[in-house]
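Chain order of the listed sequences is A and B.
Quick note on our numbering: the first sequence kicks off at 6 and runs consecutively.
Quick note on our numbering: the second sequence kicks off at 6 and runs consecutively.
Quick caveat, the hints were computed from the structure, so don't treat them as lab data.
Don't take each hint at face value.
Pairs count within a copy or across copies, as identical chains cannot be separated in the list.
[Said to hold, decoys possible] Here are the computed lysine-lysine pairs in the DSSO-like style, where the Cα-Cα straight-line distance is at most 30 Å:
hint, residue 1, residue 2
1, Lys58, Lys79
2, Lys79, Lys36
3, Lys90, Lys58
4, Lys29, Lys57
5, Lys58, Lys36
6, Lys79, Lys90
7, Lys79, Lys57
Model, not experiment: these values are computed from the prediction.
So the chains spell out like this:
There are 2 protein chains.
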Amino acid sequence: MAHLITIDSYTDNRGSLCAVEAQKDIPFEIKRVFYIYDVPTADIIRGGHRHKKTELAIICLKGTCSIYVQDEEKEEEFLLNNPNKILILNNQDWHTMSLFDKGTLLLVLASEYYDLDDYIDEPYAND
Amino acid sequence: MAHLITIDSYTDNRGSLCAVEAQKDIPFEIKRVFYIYDVPTADIIRGGHRHKKTELAIICLKGTCSIYVQDEEKEEEFLLNNPNKILILNNQDWHTMSLFDKGTLLLVLASEYYDLDDYIDEPYAND
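Given only the sequences and the hints, what does the whole structure look like? Please build it.
Here's what the structure looks like:
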C-alpha cells in the first residue's frame with residue numbers, strides 16, 4: 006500500500022535543498038521524471054489509473070495537493086504540502102491527484118519508461 | 006560543453022506536464038534527484054564546483070535562474086526560465102547558479118549518488 010516517507014531538507018542562508026537517491030531513499034531505479042504545473046483550478050482531478058509495472062514517488066515541491074489512493078483492500082487520502090514528504094505508490098495503487106492549490110508543482114519519479122500499455126484506468130470495485 | 010535541450014510540454018484544460026526519460030532525453034542514468042527552493046535573495050550564488058564523474062541535468066521548474074558554466078576552453082551563461090528547457094552539464098563543467106527570482110524552484114537530475122570526494126571546488130584558471 007502507498008506510504009509517506011520524509012527526507013532531510015538542508016537549509017542555510019542560501020535557501021533549502023532536498024535530495025532523493027534511487028534505490029536508496031525510494032525503492033526503485035528512476036527511469037522517468039515528470040512534473041505537473043499550471044493546474045488551473047482546484048476542482049481539476051488528474052491521474053485516475055494504476056499500473057501493471059510502474060512504481061511512483063510523488064513530491065509536492067510547491068503548494069499543496071491531495072492524492073487519493075485505492076488498492077484492493079482499502080482507500081486512503083494523502084495531503085502533500087511539503088517538499089520533504091514523498092508518497093511512494095506501488096504499481097497496484099490506483100490514484101488520483103486533486104485539490105491543487107494555485108501555483109502547485111508536483112514532481113513524480115517513475116520506475117519505468119512511459120508505456121501506454123502499462124496503464125490500467127479502472128478503479129477497484131470495492132464496496 | 007554544457008548545452009540546452011528543449012522537451013515537449015503537454016498542456017490541456019487540466020494543466021501542463023513535462024516528462025524526461027533517463028538515457029533517452031538526457032544522456033545518463035538518474036541516480037539522484039535534488040531540488041533547490043526558498044533561495045532568499047537574488048544575490049545568492051549556489052554551486053561553485055565541477056565533478057570527477059557526476060553529470061547533471063538542470064531544470065528551472067518555476068521562476069528564473071542563471072547558470073554560469075566554465076570549462077577549460079570557454080565560459081557561457083544560460084538563463085533558465087521555462088520548465089521545458091534542460092541544461093545538460095558534463096562532469097568537467099564548473100558551474101554556479103545565481104539570480105534566483107523569488108519563488109524559483111530548481112530541479113537537478115544527477116548521474117551519480119552523492120559523494121563529497123566527487124566535487125572539485127576550484128574554477129579553471131582561464132585568462
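Hints and how they fare:
1. Lys58 to Lys79: within (20 Å within a copy, 45 Å between copies)
2. Lys79 to Lys36: Classified as within: same-chain Cα gap 29 Å, cross-chain 32 Å, threshold 30 Å.
3. Lys90 to Lys58: both (23 Å within a copy, 29 Å between copies)
4. Lys29 to Lys57: both (23 Å within a copy, 22 Å between copies)
5. Lys58 to Lys36: Classified as both: same-chain Cα gap 12 Å, cross-chain 20 Å, threshold 30 Å.
6. Lys79 to Lys90: Classified as within; 22 Å inside a copy, 40 Å across copies.
7. Lys79 to Lys57: The answer is within: 19 Å in one copy meets 30 Å, while 48 Å across copies does not.
Checked against the numbered hints above, the structure breaks none of them.
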